[in-house]
Amino acid sequence: MDLPYEIEVMLTRPGMCLSEVSYDSAVAYLMGANMNCHGGILHGFQEWLMIKIDISTNLMWSELVLHFALPNSASPRDELAQLSDHKPLIAFLHQMLKEFWDERNEKGLRIIYLNYEKWLRKQDWYEPTSSKWFDWE
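Its first residue numbered 1, the sequence shown is counted upward by one per residue in the numbering used here.
Treat the hints as calculated values from the structure; they're not laboratory data. Hints are not guaranteed to be accurate.
Heads up, simulated DSSO-like pairs for lysine-lysine below, C-alpha to C-alpha not over 27 Å straight-line [claimed, not checked]:
1. Lys52 to Lys118
2. Lys132 to Lys122
3. Lys52 to Lys107
4. Lys52 to Lys132
5. Lys98 to Lys87
6. Lys107 to Lys132
7. Lys118 to Lys132
8. Lys118 to Lys107
9. Lys107 to Lys122
10. Lys118 to Lys98
11. Lys87 to Lys52
12. Lys122 to Lys52
13. Lys52 to Lys98
Pair by pair, the computed Cβ-Cβ distance ranges are [unchecked claim]:
14. Pro88 to Phe134: 34 to 42 Å
15. Met31 to Gln95: 17 to 25 Å
16. Asp24 to Pro128: 38 to 46 Å
17. Asn72 to Glu20: 25 to 33 Å
18. Trp133 to Ser84: 43 to 51 Å
19. Asp85 to His43: 27 to 35 Å
20. Leu114 to Val21: 35 to 43 Å
21. Phe134 to Ser19: 39 to 47 Å
Heads up, the beta-carbon is just placed ideally off N, CA and C, and yes, glycines get one too.
Can you build the whole structure from these sequences, using the hints too?
Shown next, in the form of structure tokens:
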């Protein structure tokens, strides 16, 4: 299943939909579209990214994408500020969303959250005393 049409258009032709072709404008557009769909578009995206990148952080999904797109950067946000062309980052975001969307539609959100729980249990800071811990086995 494809991404919603409006999102597909914005990510493939950002100049048609955004007043400023920037990564942050694309993120703002996605956040607005997600809110309009009561969180349904990006539901599970952050958890999916954390597993894919294997990074233990409380960063928002948009920052996780930057860390994945700019892996050798000490500060992806600072590097983003120095870039004059954000289209490659928007294209990378598009690719990540497509991969997530395809996996979510093929296997469902349940498997994403089960994989996330497995990933959490491998983290040294996640233990039975953690507030979100639950016994499932």
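Right, here's what the structure says about each hint:
| no. | hint | verdict |
| --- | --- | --- |
| 1 | Lys52 to Lys118 | holds, 13 Å |
| 2 | Lys132 to Lys122 | holds, 14 Å |
| 3 | Lys52 to Lys107 | holds, 16 Å |
| 4 | Lys52 to Lys132 | holds, 21 Å |
| 5 | Lys98 to Lys87 | holds, 16 Å |
| 6 | Lys107 to Lys132 | holds, 24 Å |
| 7 | Lys118 to Lys132 | holds, 13 Å |
| 8 | Lys118 to Lys107 | holds, 16 Å |
| 9 | Lys107 to Lys122 | holds, 22 Å |
| 10 | Lys118 to Lys98 | holds, 23 Å |
| 11 | Lys87 to Lys52 | holds, 22 Å |
| 12 | Lys122 to Lys52 | holds, 14 Å |
| 13 | Lys52 to Lys98 | holds, 14 Å |
| 14 | Pro88 to Phe134: 34 to 42 Å | holds, 40 Å |
| 15 | Met31 to Gln95: 17 to 25 Å | holds, 19 Å |
| 16 | Asp24 to Pro128: 38 to 46 Å | holds, 39 Å |
| 17 | Asn72 to Glu20: 25 to 33 Å | holds, 26 Å |
| 18 | Trp133 to Ser84: 43 to 51 Å | holds, 46 Å |
| 19 | Asp85 to His43: 27 to 35 Å | holds, 31 Å |
| 20 | Leu114 to Val21: 35 to 43 Å | holds, 37 Å |
| 21 | Phe134 to Ser19: 39 to 47 Å | holds, 45 Å |
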